[in-house]
Amino acid sequence: ETGVTQTPRHLVMGMTNKKSLKCEQHLGHNAMYWYKQSAKKPLELMFVYNFKEQTENNSVPSRFSPECPNSSHLFLHLHTLQPEDSALYLCASSQEGSGANVLTFGAGSRLTVL
Amino acid sequence: DAKTTQPTSMDCAEGRAANLPCNHSTISGNEYVYWYRQIHSQGPQYIIHGLKNNETNEMASLIITEDRKSSTLILPHATLRDTAVYYCIVLPLGGGSEKLVFGKGTKLTVNP
Numbered sequence: 001e002t003g004v005t006q007t008p009r010h011l012v013m014g015m016t017n018k019k020s021l022k023c024e025q026h027l028g029h030n031a032m033y034w035y036k037q038s039a040k041k042p043l044e045l046m047f048v049y050n051f052k053e054q055t056e057n058n059s060v061p062s063r064f065s066p067e068c069p070n071s072s073h074l075f076l077h078l079h080t081l082q083p084e085d086s087a088l089y090l091c092a093s094s095q096e097g098s099g100a101n102v103l104t105f106g107a108g109s110r111l112t113v114l
Numbered sequence: 115d116a117k118t119t120q121p122t123s124m125d126c127a128e129g130r131a132a133n134l135p136c137n138h139s140t141i142s143g144n145e146y147v148y149w150y151r152q153i154h155s156q157g158p159q160y161i162i163h164g165l166k167n168n169e170t171n172e173m174a175s176l177i178i179t180e181d182r183k184s185s186t187l188i189l190p191h192a193t194l195r196d197t198a199v200y201y202c203i204v205l206p207l208g209g210g211s212e213k214l215v216f217g218k219g220t221k222l223t224v225n226p
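Chains as they are written, first to last, in our numbering: chain Z, 1 to 114; chain F, 115 to 226.
These are calculated hints, taken from the structure and not from any lab test. Heads up, a few of these hints could be off.
One-sided excerpt, in silico: chain F residues whose CB lies under 7 Å from chain Z [claimed, not checked]:
(1) Cys126
(2) Gly129
(3) Ala131
(4) Leu207
(5) Ser211
(6) Glu212
(7) Phe216
Even glycine gets a Cβ: it sits at the ideal position worked out from N, Cα and C.
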């Protein structure tokens, strides 16, 4: 247990479904992140939230919609996904302003799109 | 334009020291060397970071050469649970965690 909890751990969805991934951090951090990791590819940063404000969106398709209601919770809403969106989705948090550049990751949500 | 170069894979016997090298010949004076690892199907885990002095914590030791162009992460007594992909990253302190770029890393396999 790292202090960052992701649910569900596994998700199978059809291309027309709407689902959400949830992330909660118990570390008192002020920044949260979504990463995507496809098979045999490096981690790709998707979204960054700093003090609940989105500060980065790395050209992610609109079928991925993030939501950060407070500094402890982060959601990734999924709608009309494609099979190539199947991947491990990782949430992370950090304390920005401390200068440490230390990310704490969750265990990930394994998404399969049929 | 990769800022670090690591071997693709390495093997180590259980109980022996694992020495993972990283080249960062273009490192700037204000850039730190960070190490993370990712066990299969889990999120990456921070291990250690340093600027120019050698660093040690409960997980590993980091040895940085005097010219800072390369470093070695040392796991003193590798266990099977240390089998993972190890990432070496350079970044200025306070550079923003979103700028941590996880490349391909080194796949370390610890054998019984």
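For each hint, the structure was consulted:
Taking 7 Å as the C-beta cut-off, the interface hint given for Cys126/F is violated, the closest approach to chain Z being about 22 Å. Using the Cβ-Cβ criterion of 7 Å, the hint placing Gly129/F at the interface with chain Z is not satisfied: the shortest such distance is roughly 26 Å. Violation of the interface hint for Ala131/F is found here, the shortest Cβ-Cβ separation to chain Z being roughly 25 Å, above the 7 Å cut-off. Of the supplied interface hints, the one on Leu207/F holds, with its beta-carbon coming within about 5 Å of a beta-carbon of chain Z, less than 7 Å.
The criterion of a C-beta within 7 Å of any C-beta in chain Z is met by Ser211/F, whose closest approach is roughly 4 Å, and the hint holds. Residue-level restraint check for Glu212/F holds (minimum Cβ-Cβ distance to chain Z is 5 Å; threshold 7 Å). Below 7 Å, beta-carbon pairs count as interface contacts, and Phe216/F has one with chain Z at about 4 Å; its hint therefore holds.
Violated hints, listed in ascending order, are 1, 2, 3; each of the other numbered hints is respected by the structure.
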